[in-house]
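Between the sequences and the hints, there should be enough to build the whole structure, so can you do that?
Order-wise, the sequence lines are chains A and B.
Just so we're aligned, residue -15 is where the first sequence starts under the working numbering, counting upward by one.
Just so we're aligned, residue 171 is where the second sequence starts under the working numbering, counting upward by one.
No lab work stands behind these hints: they were computed from the structure.
It should be emphasised that the depicted structure is a prediction, and the values quoted were computed from it without experimental measurement.
A virtual CB, placed ideally from N, CA and C, is assigned to each residue, including glycine.
Any given hint could turn out to be false.
[Said to hold, decoys possible] One side only, chain A facing chain B, incomplete, derived with CB under 8 Å:
1) Y37
2) N325
3) K329
4) G345
5) P347
6) Y349
7) V350
8) T352
9) V379
10) G382
11) F391
12) Q395
13) E401
14) W403
15) S406
[To be verified] Derived contacts from chain A toward chain B, CB cut-off under 8 Å, selection only:
16) M280
17) S326
18) S348
19) S364
20) A366
21) A367
22) G381
23) Y399
24) S402
25) Q405
26) I407
27) D410
[Stated by the list, open to error] Here are the simulated EDC-like cross-link-like pairs (lysine to aspartate or glutamate), alpha carbons at most 20 Å apart as the crow flies:
28) B:K260 x A:E93
29) A:K300 x A:D285
30) A:K107 x A:E54
31) B:K301 x B:E316
32) A:K196 x A:D162
33) A:K83 x A:E93
34) B:K350 x A:D387
35) A:K111 x A:D285
36) A:K377 x B:D317
37) B:K246 x A:E286
38) B:K289 x A:D115
39) B:K260 x A:E346
40) A:K262 x A:E137
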Amino acid sequence: MSMLNRRGFVKLSGAAALVGLSAATVSRKGFAAAKGHVVVIGGGYGGAIAAKYIRMADPGIDVTLIEKNEFYYSGPLSNWVIAGFRDIEVQKWGYEGLKKHGVKMVHEEATGIDPAAKTVTTKSGAKIKYDRLIVSPGVDFKPVEGYDAEASEKMPHAWSAAGPQTVTLTKQLMAMRDGDPFVMVAPPDPYRCPPGPYERASLVAHYLMKNKPKSKVIILDPKDKFSKMGLFTGGWTKLYGYGTDKSLIEWIPGGEGGKVARVDAKTMTVHTEMAEFKSSCINIIPPQKAGAIAEMAKLTDESGWCPVHFETFESKIHKDIHVIGDSSVASPMPKSGYAANSEAKVAAAAIVALLNGQKPGEPSYVNTCYSLLSPTSGISVAAVYKLVEGKIKEVGGGLSAGDAPDFVRAQEAVYNESWYQSIMADTFS
Amino acid sequence: MHRKKIHMLVLVGGFVAGGLLSGSTASAAEAGATAAMLANTCAGCHGTNGISGGPAMPTIGGLPANYLKTVMEQFKDGSRPSTIMGRLAKGYSDEENALLADAFSKFKWESAQSHPNSKKATAIDPALAAKGAELQASAKCDKCHEDGGVFQDDDTPRVGGQWLDYLLFKMQDLKNAALKVPQPKKMETAIEKLSLEDLTAIAHFYASKK
Chain A
-15 MSMLNRRGFV
-5 KLSGAAALVG
5 LSAATVSRKG
15 FAAAKGHVVV
25 IGGGYGGAIA
35 AKYIRMADPG
45 IDVTLIEKNE
55 FYYSGPLSNW
65 VIAGFRDIEV
75 QKWGYEGLKK
85 HGVKMVHEEA
95 TGIDPAAKTV
105 TTKSGAKIKY
115 DRLIVSPGVD
125 FKPVEGYDAE
135 ASEKMPHAWS
145 AAGPQTVTLT
155 KQLMAMRDGD
165 PFVMVAPPDP
175 YRCPPGPYER
185 ASLVAHYLMK
195 NKPKSKVIIL
205 DPKDKFSKMG
215 LFTGGWTKLY
225 GYGTDKSLIE
235 WIPGGEGGKV
245 ARVDAKTMTV
255 HTEMAEFKSS
265 CINIIPPQKA
275 GAIAEMAKLT
285 DESGWCPVHF
295 ETFESKIHKD
305 IHVIGDSSVA
315 SPMPKSGYAA
325 NSEAKVAAAA
335 IVALLNGQKP
345 GEPSYVNTCY
355 SLLSPTSGIS
365 VAAVYKLVEG
375 KIKEVGGGLS
385 AGDAPDFVRA
395 QEAVYNESWY
405 QSIMADTFS
Chain B
171 MHRKKIHMLV
181 LVGGFVAGGL
191 LSGSTASAAE
201 AGATAAMLAN
211 TCAGCHGTNG
221 ISGGPAMPTI
231 GGLPANYLKT
241 VMEQFKDGSR
251 PSTIMGRLAK
261 GYSDEENALL
271 ADAFSKFKWE
281 SAQSHPNSKK
291 ATAIDPALAA
301 KGAELQASAK
311 CDKCHEDGGV
321 FQDDDTPRVG
331 GQWLDYLLFK
341 MQDLKNAALK
351 VPQPKKMETA
361 IEKLSLEDLT
371 AIAHFYASKK
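Okay, here's the thing in structure tokens:
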């Protein structure tokens, strides 16, 4: 007690009174009395994990997950589908497992958040009250001239939600005439899944090599460098003739005319500042920002993303609202599925502590992210992070070795599938 | 499980009643991340509570703490070859590695064959498993890896019931002299006498255990 100042004491006695009350209720009624209600918006790599881990740590907390879709299609490993060696059904997950943890599912779109009244409004007009809210809506797209919802059916992004978009792009690639290019427009930083476009290029090149040897992948990129760049270009050189005039992959960086000015879905053309690219198979991955609901609730700052406190992932803008996953700014952690999983667990532990009247403990974060160069060659980036003076800091980690032997690349390809099986079981069962 | 929850609630109540809440949590924060916080970050690859979804990521929930701690130290100092763990282990202090090892040792082991994903994983070949049973007996693997590798103690990890693809990778690594996988002298001698084919059969035998 001597450690507490007067103010701390007042706060503490308040908390003690509250928790004391609920403890008394618990002793009378067993586990029936809820310590609070946590609402989660978004049932993906971040939100589903947060819901599950709160229930696992403290079944005395009620959790409601608002997710508009009945099924979730994983973005990670969906590039395998596009390249024709994985069924889209393997990417599909339901919410029965979360229900077994006592998570209440609401399959509706969240349309509004009132941070003062502490309510979430859904499309049907229902208002759901929360003690703490977790917002995990993933990403939304910034405009690209000529690219609207209709255009995205012809020039699929296959990015923000795997599923129908993934299938559309897969079909286009399969139907593409041998000799046509697979044109991909890569996004500027920051965006969801930094190595994703380059893994996609690798696997499409692998498909072309086997099926459409006169075709190649053209990447139009606003950037001059990208995630795992040395490992990708090293793999492309070895596997796809990168750097030669027979290369199956041509990467045009921003400095060499890779910036796209506009697209035209009617003529299936991408216009850069200097040239135009036509094909029957065009993949536009637009620039990104936080999910629509985060922007609507003004959880975003001028960057378009959500600033948060890293020990709890509580918004720096609105109290009692936590933003996790791609929508949050958690640099140097990337906007990856594993990072969302890890951020969700930090937020879940903090919320459990706070709803029990305790101070959140020290966080620990991990990212582990695999990519394929070909179906039998994998690479990875991994890191452990700590909170140091209020900032997330990498304390260990790194990339696969550039000169790793083939058997290591082959093992990492199998570990990639294992990563998926374990993280999906962690998320949905 | 039921009893544990009651215990937790009583504990929370006790702290509050004693007015110790703030004091106790302040010292917890100073002590660093809790074992649960640290262990939960591994579940993305090793599965919830260390029970892997396979086919190649090993289940580590329920393995002996001393073995897990030793392995993490070897990953960290580079003496144990790995694809990714050598990079990740560098992010943890010795104390954190000990906490992680302790946390995972307390989870309940679940054999790969009882996991729903076992149907999608590399199939166990019963003929190979039978051959492996004989080979591991004649090579005296069962002196340490007793009961078909189901046994474990401080220095011996359970291998019976592990994921097949993981065991196959580890067998390949053991036969790759350049990797210098740390192992007890008597195991090194036994491995030397076995071919990769033999070790493949033994992997099928261990993986078949429930």
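- Return the numbers of the hints above that this structure violates; sort them in rising order. Going through the list in order, the structure violates hints 16, 28, 35, 36, 37, 38 and respects the others.
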